[in-house]
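Guided by the hints, dock chain B onto chain A, whose structure is given.
Sequences listed follow chains A and B, in order. At position 35 of the first sequence the residue is numbered 35 (my numbering), and the sequence of numbers has no breaks. At position 224 of the second sequence the residue is numbered 224 (my numbering), and the sequence of numbers has no breaks.
There's no promise every hint is true.
As the list claims (entries may be wrong) - Some chain B residues close to chain A (C-beta under 10 Å, calculated; not the full set):
hint, residue
1, Arg79
2, Thr177
3, Gly235
None of these hints come from the bench; they were simulated from the model. Just so you know, these numbers come straight off a predicted model, no measurement behind them. Glycine is no exception: its CB is placed at the ideal position from the N, C-alpha and C atoms.
Single-letter residue listing:
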Amino acid sequence: MLIAIGPAVMAVDNPTERWWWGEWLGRDANRELILDATREHVVLTLAAVLVGLLMAIPAAITVVRHPRMKGLVLGVAGALYTVPSLALYALLVPYTGLSRTTALVPLVLYTLLILVRNTVTGLEQVPADVRDAADGMGLSRRQRLWKVEVPLALPSILAGIRIATVSTIGLLTIAALVGLGGLGQLILVGLNRPIRTAVSVGILLSVVLAVGSDVALAALGRRLTPWSAPRSRRSRRRGGPATGEGPVATLPDGAVTA
Amino acid sequence: MIWALVDDQQNQLVEVVGWLRDAANWRGDRGAGTRLVEHVQISAVAVLASILVAVPPAVWLGHKRRFGLVAINISNVGRALPSFAILVLGTQLLGLLEKPIIGSVSVFVALVALAVPPIVTNTYVGMAEVPDDVRDAARGMGLSESQMVRQVELPLALPLIMAGIRTSAVQVVATATIAAQLGFGGLGRFIIDGYATRSSGGYTDVLAGALLVAALALLTEGLLGMAQRALTPKGLRPAPRWRRGTTADDAPTDDEVSSDPTPLPVAA
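Chain A with its partners taken away, still in its complex shape (with noise of 0.2 Å):
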């Protein structure tokens, strides 16, 4: 239709072109909508990770104890990982329809693999002393885990709940998609009117509660976990050569970006 008035017109200052349409910011509807989604987006991200978080806890220490599974259960995870979300989201809505349940069943999927993966890490990396010690003072199995092992993991635990919920977020914008989710459906409402003003709120908005969120994770993990603080470069070269330190590697988010 625009392109019908020709690029005369167009050169007008139309306020569906601009990027901050203050008035249109102003009515009371629009402002439910931005609220909205803004709602649907922390909440079903607070909700994937928590599910995410108590099926995956169990599930690490079931594969701590049983390390043939783990070659199993880690090798499938790795493989469903790289399946692309909107392809997943695509499968699920004939069975869920456009249900909550649809946008959460991948979710939790792709935070599971993520927090499984960590927990496992951060288990295994418990010092075999540190076991034998906790053995020596008498701990049942119970005690060791919970009272030893899982603190010691926390670092890794928290790293895993970062990446989960920082992941969601981004994962959610893209089930809009598919007709769910919170402020991509704000960023494609933007699209289809067309209001630029709402397509640039939308990404102002699951930029900021990504980086928020993980800005925010950082902060919670350093306070709860004060031991784990990174030594600087400079005190690591003073304690001598920098034995028992193996590769390190980010982590192979594949599908979860997208």
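Frame of chain A; chain B shown alone:
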């Protein structure tokens, strides 16, 4: 009810296999063949460009061991940016601009933004974690700085660099799917278009598209994993299982990065 579901899935599976075996679906401008090539091209160009942009500076910084915190945090920021948001932003800013080789500029920019952070971080860490003794030995043997980088540090850092490239490539292949929502090509077209026409039988397209993308992502992961192992210097390859004890080598550093677990071996 659950049996109805299973039955339903079996029927769909049969249909998808039929779809994939039907040559008519592969031919033509809108066929799976063209879309597959488009998808691979979009992804490959973005990953190659990211390597060119990210590796040289990260190698240099890692060698100098400067700005480490920045290099590591780039990866965290990159992970926090929702890729759909970047893609929409790019399209809003650049429109449907197309260039030769690159294709759609906004998709290219979004995918490069996605791919660069893991490569930068892994390259930096790989270079910076080369043990001091090794560097001292190289200097003692009279190697110049650039010789040291090329002959000593790079080979040692290569496994990690490749791990970063692998992470990025799989992400890019998966994310290139959403480009279809904004009117671009690639395998995402089947998912988006099929989903839009799902009530009139487009659903098989969705399944077939999803299957093809997943297969492509797995193939990428597998091929790059093999490349990673082939490029790993002999001395760094994991010892055969019977010789592997629980040595301190498996312990991670307590750097920020170590909060991320090491990538899974593909064969695991």
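Cross-check of the supplied hints:
1. Arg79: Status holds, d = 6 Å.
2. Thr177: Holds: closest Cβ of chain A sits about 5 Å from threonine 177 (chain B), inside 10 Å.
3. Gly235: violated (13 Å)
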